[in-house]
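Sequence lines, in order, name chains V and Z. Under my numbering, the residues of the first sequence are numbered 12 to 441, in order. Under my numbering, the residues of the second sequence are numbered 1058 to 1251, in order.
Simulated from the structure, these hints should not be mistaken for laboratory data. No incorrect hints appear here.
Ranges of calculated distance between the beta carbons of each label pair, as one might list FRET restraints:
#1 V:Glu228 / Z:Gly1082: 29 to 37 angstroms
#2 Z:Glu1119 / V:Ser221: 19 to 27 angstroms
#3 Z:Ala1175 / V:Asp346: 35 to 43 angstroms
#4 V:Asn267 / Z:Arg1079: 47 to 55 angstroms
#5 Z:Phe1207 / V:Thr257: 25 to 33 angstroms
#6 Z:Asp1194 / V:Thr269: 47 to 55 angstroms
#7 Z:Arg1079 / V:Glu300: 24 to 32 angstroms
#8 Z:Ala1075 / V:Pro215: 53 to 61 angstroms
#9 Z:Ser1106 / V:His109: 48 to 56 angstroms
#10 V:Ser221 / Z:Phe1207: 27 to 35 angstroms
#11 Z:Ala1175 / V:Glu228: 39 to 47 angstroms
#12 V:Thr259 / Z:Arg1079: 40 to 48 angstroms
Since this is a predicted model, take the numbers as computed values, not measurements. By construction, the Cβ of each residue, glycine as well, lies at the ideal position given by its N, Cα and C atoms.
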Amino acid sequence: MCWSLKELIPPEPVQKQPVVAWGSAESGGKEGAKIPDLSSEGWSSSQKNPLDVYENLGTPQGLWTGGEMANPVPSACCMVLAAVVVVYAQRHSQPDSHTQFERVGADVTMKCGSMDWDAAVTWTVNGTDIDESHLNGSYLILKNVDLSQSGQYSCYEGSAWHLKYQTTLKVGTPPREPVLMCRSNNYPKGFYCSWHLPTPTYIPNTFNISVIHGTKEMVCEKDAVPKNRCHIRYLQLFSTVKYKVTLTVTNALGKNYTTVTFDEFAIVKPDPPESVVAKPVPNNPRRLEVSWQNPSSWPDPESFPLKFFLRYRPLILDQWQHVELSDGTSHTITDAYAGKEYIIQVAAKDNDIGTWSDWSVAVHATPWTEEPKHLTTEAQITETTSASTSSFMAPPTTKICDKGAVVGSGAVAVCWTAGLVVAAYSVLFI
Amino acid sequence: MAGADSPSAALRRRDLCARGIRLAGKMRSDVVDLLDAYVEQQGLDASASVAAVEGVPPAAVERWDEQTGTQRLLENLAAYRAFRGLLAQMLEEQREQLGEADAALGRALAAVLLQVSAFAYHLEELLRLESRGPPSDEGDGPPPQPQSVFEQKLRGLGVLRELAQWAVRSARDLRQLAKPGPGAGSAPSPAESP
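Okay, chain V solo, but in the shape it has when bound (with noise of 0.2 angstroms):
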């Protein structure tokens, strides 16, 4: 859009007050320099001898009053002010905005408004000029574009650069076939459907979902995070009919689609059970104790209630050991390795239906072990030989004959032989 000067400046005058208006003369304040007549221009002057003003104020410029006439100063300043902003505005001003989407690879032509071919335009992109060679005319081609060369697009007409044309130019693929996957982890209220792309497409995409069961379409609420999943309600239980879910992709460049279709009790996924902590047994150096609570978003585990899987390994070997557990949410494990320490996951599903959860998080536990003797047994004996020269010190026997701690019939036949000996020498330095 264009403005001329003539609609931007006002046929009358800006000012209708009393103005003063100064005018200079052309030699710097000398006595006899001639100071301008405005009395045919509209200026009255209420000086009887401007030169009286010029002697008194040591000016060379004349004082006249007007009220008719804008000030030829002001108005100037308007007149320029005018232009810079209609040059201005010429250069600023938007086009119709436009958004086109291309795929990777292909050729694009951008034609500049309604401009002749020959016209001599300019093209930037991103503010950026583009190079000559990319004009067919007044046409920019581009070729075998990548993602790179999204952005926005203007054209100028010559030198005043005018914008004529500008567009946003977004490059990007048709959806590829979506991924979707429907689970029930809070069976039987409903069941979830999330989904997403394989590859990125870049540009926005829509996803419109249709559940079907038999002849009904259900509704799929759409959640607000995730915002690529949606939640039913199950309408009906125990039905043999099956679900069909259609979920559709769309873009500016194409759209894909998939399906599923599954039984009610195919999708029956339990999140993994909560809060386990495994912890020794005091005095059990072959034992773990296991608790975990149900997923807290499985609604009613007494009337639908879970089975558990527990696994379990010392953290030294790659093999687990499993239980699986029908009811309740606490196990004792028994035949632990003494002093190591396990690793400990638990799994969940329900009683009759579905599939197992994945694994919870996992735990640590290492089982009791009894503390070292040594110590306290060598206090002891010094405290009972106080009264002896001998700096004889007794062997740490009740480590060695610890039974924990010795493997082999052989092994305890030499610690009851060291048990003895120790008893002897005793005996005889009290």
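Given chain V's structure and the hints, the job is docking chain Z onto it.
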């Protein structure tokens, strides 16, 4: 006879429910195995959709959580009585079609029929405990006979599928019944559950 709410009746109900739940679980497991064998032996597509077959009680139910205990028992009993007749018919058809060619399938069918009969009796006992007594077993006569061999096969597929669903539903129903509370009341709505 002890009242429905007496301690002994409550104990008896819990005991019957617990045994019924175990029976339903075993029955479901056997029906699923039978279904696999039936599909293979009859040359059917396991994923084929079978429209609702006349005379086969659908396990599907709306507002299941709002049912009373008596409703649950009555609906279960009606279903298992119907299955008893349908399985007996299937057994007869299977013998006619295959003779002794697939004795294993026949034995499996007979075993499931026995479990269905036992479960129906179990439900009758529970209804007697509710001081209600089971309805008479006169029914509407034998189930309608399919016209063709193919229709027989499809109906057999439908019967076994619905029976497998019913076995799951029955276990859930009995768990609801076994909950302590004022008799065999309705379960809390899933919307109220945490």
